[in-house]
Amino acid sequence: MGDRDAYVYLGSPAVVAASALAGFICAPKNFTERAAGTAVRRAQRKSKPPASVEIMAGFPPSVRGRVLFIDKDNLNTDGIYGSKHTYRDDMTPEEMAAVTFENYDPNFNTLYQKGGSSREQAATALKFKGIPCVIAGSFSETYKRNAFNNGFVVFECPELVTHLRDTLSDRAPTTVGPEITIDYAKSILSVDGKSFPFPPLSPAAQQLIVAGGAEKLVASRLQGTAVS
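Quick note on numbering that gives the first Met the number 0: the sequence shown kicks off at 0 and runs consecutively.
Among the hints, erroneous ones may be present.
[Claimed, not checked] FRET-style restraints, in silico, Cβ to Cβ: (1) D88 x K113: 44 to 52 Å; (2) P202 x T141: 16 to 24 Å; (3) S194 x L9: 22 to 30 Å.
[Unchecked claim] Think about it this way: if two alpha-carbon atoms lie no more than 27 Å apart in a straight line, the pair counts; the simulated DSSO-like pairs of lysine-lysine are: (4) K193 x K83; (5) K185 x K143; (6) K28 x K83; (7) K71 x K113; (8) K143 x K83; (9) K215 x K71; (10) K28 x K128; (11) K128 x K215; (12) K83 x K71; (13) K143 x K71; (14) K83 x K185; (15) K28 x K113; (16) K193 x K113; (17) K215 x K193; (18) K113 x K143; (19) K143 x K128.
Worth flagging that the hints you see were computed from the coordinates, not collected in a lab. Backbone N, C-alpha and C fix where the C-beta goes; we use that ideal spot for every residue, glycine too.
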């Protein structure tokens, strides 16, 4: 870890044993029913039908910008925010923003323009960068929790990922894509004249974003000024 070309996997003894016998990383069950080297793809999640939600004061009803498409499955936190920076307490938000995706694509900071894990920094660095949200086919629950607890919007829309993979010819690590409009009130995002639903943001999630994260939300409640 710490190198953008590294491949590091963590597994239990049972997973390691099953994977060694199968010839690919797998769970320790039913691997004897398949020939070694035959990978099993996880079923792709599908977004739920759109649902209208009430947008609380201070939360944007919609945002518009452009897509920066990172075509990478299982992107780990080290690729987003390098481990060599994780335990540096002297880095300013501006310095953290400057090293986003350093281990995955050093060109990311050149392409990004405003307007358009277990480590909290993997979420906060993107927030400090000014990125309004991250959309993916799926997130680990740890990353999703860290993001909202730090006042950063993430949500899942696998259909958007499929659409971008089908329509973008440039398969660079980071690709500048089309304009996108996200309607949080209707739980719909629009790109290339098409619309895709995504899970509605709950009042609790909106509260965390408006307050600026869990710590600030708790502080405001203790002071009797909580957002409602």
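Comparing the hints with the structure gives:
1. D88 x K113: 44 to 52 Å: violated (26 Å)
2. P202 x T141: 16 to 24 Å: holds (23 Å)
3. S194 x L9: 22 to 30 Å: violated (39 Å)
4. K193 x K83: Not satisfied, since the Cα-Cα distance of roughly 41 Å exceeds 27 Å.
5. K185 x K143: holds (21 Å)
6. K28 x K83: violated (37 Å)
7. K71 x K113: holds (22 Å)
8. K143 x K83: Roughly 22 Å separates the two Cα atoms, so the pair holds.
9. K215 x K71: violated (33 Å)
10. K28 x K128: This hinted pair is violated, its Cα atoms lying about 43 Å apart.
11. K128 x K215: holds (20 Å)
12. K83 x K71: holds (22 Å)
13. K143 x K71: holds (17 Å)
14. K83 x K185: violated (41 Å)
15. K28 x K113: Measuring from Cα to Cα gives roughly 47 Å; hence the hint is violated.
16. K193 x K113: holds (24 Å)
17. K215 x K193: violated (37 Å)
18. K113 x K143: holds (23 Å)
19. K143 x K128: holds (18 Å)
Going through the hint list in order, the structure does not satisfy hints 1, 3, 4, 6, 9, 10, 14, 15 and 17.
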